[in-house]
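Undergrad: Modelling step: build the complete structure from the supplied sequences, incorporating the hints.
Chains as they are written, first to last, in the working numbering: chain A, 1 to 299; chain B, 300 to 598; chain C, 599 to 897; chain D, 898 to 1196; chain E, 1197 to 1495.
For the record, the hints were derived by calculation from the structure and aren't laboratory data.
Be aware that a few hints might be false.
Said to hold, decoys possible - Label pairs and their in silico Cβ distance ranges: (1) A/290 with E/1341: 31 to 37 Å; (2) E/1335 with C/629: 53 to 59 Å; (3) E/1445 with A/221: 48 to 54 Å; (4) D/1070 with C/818: 53 to 59 Å; (5) B/585 with C/607: 28 to 34 Å; (6) A/287 with E/1479: 30 to 36 Å; (7) A/90 with B/329: 33 to 39 Å; (8) A/250 with B/308: 37 to 43 Å; (9) C/885 with D/900: 34 to 40 Å; (10) E/1341 with B/350: 46 to 52 Å; (11) A/88 with B/595: 43 to 49 Å; (12) A/174 with E/1210: 46 to 52 Å; (13) E/1479 with A/298: 55 to 61 Å; (14) A/287 with E/1341: 20 to 26 Å.
To be verified - Only pairs whose alpha carbons sit at most 30 Å apart, straight line, appear in this in silico BS3-like list of lysine-lysine: (15) B/441 with C/740; (16) C/662 with C/615; (17) B/441 with D/1039.
Unchecked claim - To be clear about the criterion: a stretch of chain E counts as covered by chain D if any three or more of its residues have a C-beta under 8 Å from a C-beta of chain D, and this derived list gives those stretches: (18) 1310-1316; (19) 1320-1333.
Backbone N, C-alpha and C define an ideal beta-carbon position, used for all residues, glycine too.
Single-letter residue listing:
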Amino acid sequence: MATRTRLSRLGLDTGKKARLHRILHQHGLRNGTALFLPYDQGFEHGPRDFFANPDSSDPRYIVKLGVEGGFNGIVLQIGLAEKFYWDYAGEIPLVLKLNGKTDIPPDNAALSPVHASVADAVRLGADAVGYTLYVGTPVQEKDFAQYRQVRADAQELGMPLIVWAYPRGWAVAAKGGNDSFYAVDYAARVASELGADVVKVNFPHPEKSEGVAEQYVGTDVSAQQAIDAVVRSANRTLVLVSGGTRAGDEVMLEKARESMEAGAAGLIFGRNVWQREHDESLRFVASLREILAKYDVAP
Amino acid sequence: MATRTRLSRLGLDTGKKARLHRILHQHGLRNGTALFLPYDQGFEHGPRDFFANPDSSDPRYIVKLGVEGGFNGIVLQIGLAEKFYWDYAGEIPLVLKLNGKTDIPPDNAALSPVHASVADAVRLGADAVGYTLYVGTPVQEKDFAQYRQVRADAQELGMPLIVWAYPRGWAVAAKGGNDSFYAVDYAARVASELGADVVKVNFPHPEKSEGVAEQYVGTDVSAQQAIDAVVRSANRTLVLVSGGTRAGDEVMLEKARESMEAGAAGLIFGRNVWQREHDESLRFVASLREILAKYDVAP
Amino acid sequence: MATRTRLSRLGLDTGKKARLHRILHQHGLRNGTALFLPYDQGFEHGPRDFFANPDSSDPRYIVKLGVEGGFNGIVLQIGLAEKFYWDYAGEIPLVLKLNGKTDIPPDNAALSPVHASVADAVRLGADAVGYTLYVGTPVQEKDFAQYRQVRADAQELGMPLIVWAYPRGWAVAAKGGNDSFYAVDYAARVASELGADVVKVNFPHPEKSEGVAEQYVGTDVSAQQAIDAVVRSANRTLVLVSGGTRAGDEVMLEKARESMEAGAAGLIFGRNVWQREHDESLRFVASLREILAKYDVAP
Amino acid sequence: MATRTRLSRLGLDTGKKARLHRILHQHGLRNGTALFLPYDQGFEHGPRDFFANPDSSDPRYIVKLGVEGGFNGIVLQIGLAEKFYWDYAGEIPLVLKLNGKTDIPPDNAALSPVHASVADAVRLGADAVGYTLYVGTPVQEKDFAQYRQVRADAQELGMPLIVWAYPRGWAVAAKGGNDSFYAVDYAARVASELGADVVKVNFPHPEKSEGVAEQYVGTDVSAQQAIDAVVRSANRTLVLVSGGTRAGDEVMLEKARESMEAGAAGLIFGRNVWQREHDESLRFVASLREILAKYDVAP
Amino acid sequence: MATRTRLSRLGLDTGKKARLHRILHQHGLRNGTALFLPYDQGFEHGPRDFFANPDSSDPRYIVKLGVEGGFNGIVLQIGLAEKFYWDYAGEIPLVLKLNGKTDIPPDNAALSPVHASVADAVRLGADAVGYTLYVGTPVQEKDFAQYRQVRADAQELGMPLIVWAYPRGWAVAAKGGNDSFYAVDYAARVASELGADVVKVNFPHPEKSEGVAEQYVGTDVSAQQAIDAVVRSANRTLVLVSGGTRAGDEVMLEKARESMEAGAAGLIFGRNVWQREHDESLRFVASLREILAKYDVAP
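TA: In structure tokens:
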């Protein structure tokens, strides 16, 4: 099992450390691990994501679920944060997602525009901000320019910065795709090099190797070894592993276990949680918490 | 019949609440519903929209019609607001439309540039600002960037923000078109996620399903069910349903009834109102008011 | 004959009203009409425009001609304003043209970049600023963005804003061309909606109807009816009709008469004035003044 | 022989006049004419320009040559100005060239990015700034936007502005090329209209008339008549004629004579000066000074 | 052997001189030469660069190696500088690399976006900043615009500026490629003209002459003559020669010797150092130091 870096070794300024401490040690399991509930799919994919469980269309239902499920934080875009978080302010940490896009135009030159500022996050009492960085996109200079401002503002205001490090764009598609081991590994590293405090990655797929960098080809890497490497590439950046589209529970729990074993700080599961009935959601969350409970890390 | 959310549950800051209260409870029917008169078609489509009723070319005629018809607000671009609103200032709330474009170049990468600021709205005594967001356009990052500044300024100055959430662009055209249920539903959600206080939508067409997201295909959704869903997707964002191009009165009144039944806050009808003689306009407005009168909502 | 709106009904702030009053009632015929002398053709078309009368190449000659001819204002770009207006400062109002372009690259995506600020106009003692807005161009968002800043600065500094409202670009070419009735009518309206105090239009051509909006097709509109409509579309925006390329004197004087009859505030004639010998220029100007003298309007 | 305009008639503010007086009347021949030594070719063309005389690669050698040759100014980019001018500060006026580009990518949409500010020029004790404006390029709006800032800063800081007015880009190539009489004449006018204090032009070629504006075709214009016209088009903007690529001495001296006869303020010769041995350089400079000595102009 | 310019002759302001003195005379061999350890390859190429020596993936390992090897500085991107430099702050100078990009999209219009500011470098106690300038790229105006801000900030804050002057883009590829003598020579000059204090170049290849400027063709230039010329083109800009991809030790040491003989200030070797076991790395570094020890230069 990989060792976990304590908050005090990450080179964090006071404000960031205080807020991450609140998220990791004063919410959820309070053991230094994290379980986040992301809820920006209505924007990223549209209301179609709510058809499986119509209740999930209502932000109030989701925020309440976050509280009931004992999550370490809920992730919202500015509009829903303003309209719904006031009801539960303080009961669950808020991660204000600062950028996002619809999935209507194609993704080959993906860019996720910024919709809110770090100052908005401070105003709303958030404990972290989220930013989607599309690693490898042909318009990376626009993305990096946006990101740079967010990073600088977060540094100035002591706000932890969670980077959704997502390989994307036609050049990525030609080099193994969005979730190849090569691409996910690279994305984790980019987030670390560019100052993310926390990085959200998709689970890496070592079998997707067509077109990837030669060093990633022809080696017989297991899923565990791949996620191990990704966490290593992130070095002192805390890693959250994403659930992605809904899949079978056993598969998801296995991924969760492998992620934590690799040294990840936690999980960020949305559709796998709320695309089912309320009580089933809570049962699935309980299984995730059971896993996280095994990976205590001191502050 | 859907329940209507009261202003006090929307998470609004003081200034926005004061101004929305003025619009909804101190003008028009003063019962919490709204009827708006938009008058930016001379810019969006050109003077051709005034050929059906030449008097309608004169902004003074229209502002006066707004007062006579008991509208909750009139929507003007900066130039007409400066030249004509002073005559009737205070008699009818002003919604300053902040962006707009001509219809001369094609719409496949539609973007509606900003022409005035929220500060201009404050200077002119407006009670709300309007912004057209083209959801799904390939140049969405430019649109979102403009919108973000408007949203931030509106937040800072306590000015209610009405978003014209219009699906547009070649990618939308390829996925069911501008007024498919899928597209309108998505647009309503985007406005809510991005911080609109009020969203203006077109009436959704569930029968337009070629190319839309699979969840919207093959279900037998009625017009009422579609508009119900759109209002639900907007959650705590007040919904205004648009009249669009002029159509038969009975069709329009039926849409109005269905919209209000779905939980919309009101209607925004322009060409259907003023593309006819003065007295006919007022008669049609009276029918709309009759509908709205049935949907009282407390402040 | 159309009624003329008095300055006091235009909703103008103090500074704009003071400066327009100076131009319209303290210069030229002092009767509320206006005759402007534009001199930016050396930039817009190059020195070739001066070959017909080599003296016209010298800005000093032109400014003097403006004084001698009793014009209400002379229009210059920043460079010539700085180098030549000091000699005659105060003797004739200066309209500082803020944007412009060469005619070397093609016009299909025309944009006229800004070269000077409203503050420059204040510094040089100008009484108005001019801005060319290319209505209908595919790059309209850049144009509108520039224009917006100019409009805001002019509002702040009390400087009257004259908009050269010129239909332009490939989409306009495909819908009847730059001077169709449809396009000129639309352009006049756009200027009014976007806050121009004065709009400069080309004389509309109702016979150019191929590709225009259907409302403009198949009606038998006279030249007088067309310019009447254009002035109506401009509503409370003062209209100046442009001379354009040099044509026969009788044709030009007839256009001038029709324009004034339609309710225009005045004329703006350059090449038709100075592409001939000095004394001939003054004689032609005298004919124009004769026409304007018939259209007194009180302040 | 054309009359020369005195500094006091140019409408200059105090700082610009003081600095131009220093350049024209306190350096070089001190007779109101000017001879400049440009040295940005290492950037514009690369070190290949130094192969003819390897010593010329060393900026120190060139600055010293400028002092020895009695030039009115030396033109440097920011890097060389910072590293080499301190050695000779005050002994020869510095013209800080504010923009420039490599010649590696093709020129069809030429743009010369800004590398230093007018404030940098003030800090380094420069007496003028230089800006390359590519007249007629399809990206003219970017160029004009850059230029506008430079012009405004120069106006604010009283710094004379020398514009390298160079026709460039594919549209120019299709209309007679970079140094046709038509293009050079237009470029000189543009610089004057846009506020240059001094304009640097290439010698015009009336024989290049394929594709130029019709007014320039079929007339039998001599070299002298062409440069006369160009100087006239520049009106109160001082004209410097450029040497360009190295050519035979007699040809260059003849061009110099014709330029001065036309009313140019002076010459700007680089490669023709330093692409030869040190003493030969000084001998050629002496010939140029001999010409300039005949064209005294009072301050 | 070329003479080396002393710091006091470079025209440096106080802060830059103090920091360069610290790097060159108070670290490493303390003899005025420099050996830098760059570590941004995880961002520029991805984690694949660490496969040859898995330990090298850990930034802590590398910073420690920099200290142990007696380097004059370590080069890090903002994220790793924040997370890892605090541990060793002051023990080895930090060069904060301000821009960078992934190698996923192709390089034909390469641009390296800025990720951190000079103020970040000050905050972290860095002694220099690094900027990659892609000389000859078709998007050079964006690159130059970024660079200009960095240069101005570095000037204001007294921070030495090291420019990675890298020929890149399709136009370079068509003119001999990234490391032809022509391209490297041009790049060194550009850095000097634009105000770099130090320039990092790749070793020039005179044999790559297809498509280069004619002056570089057909001459029989040795490797030593080529690097001599490059250093001369950089004039008073200190030259660092880059190691590039890992090659045989003897080849690398020979390049190092030739570079120092040509007058370079030092070397910047990354992969050649750390793509091997720890002790082998130190042995190779010792060989490099042996070479540098022969080129003392007084402050």
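Undergrad: Provide an ascending list of the numbers of those earlier hints which the structure does not satisfy.
TA: The structure breaks hints 1, 3, 4, 6, 11, 13, 14 and 18; every other hint is satisfied.
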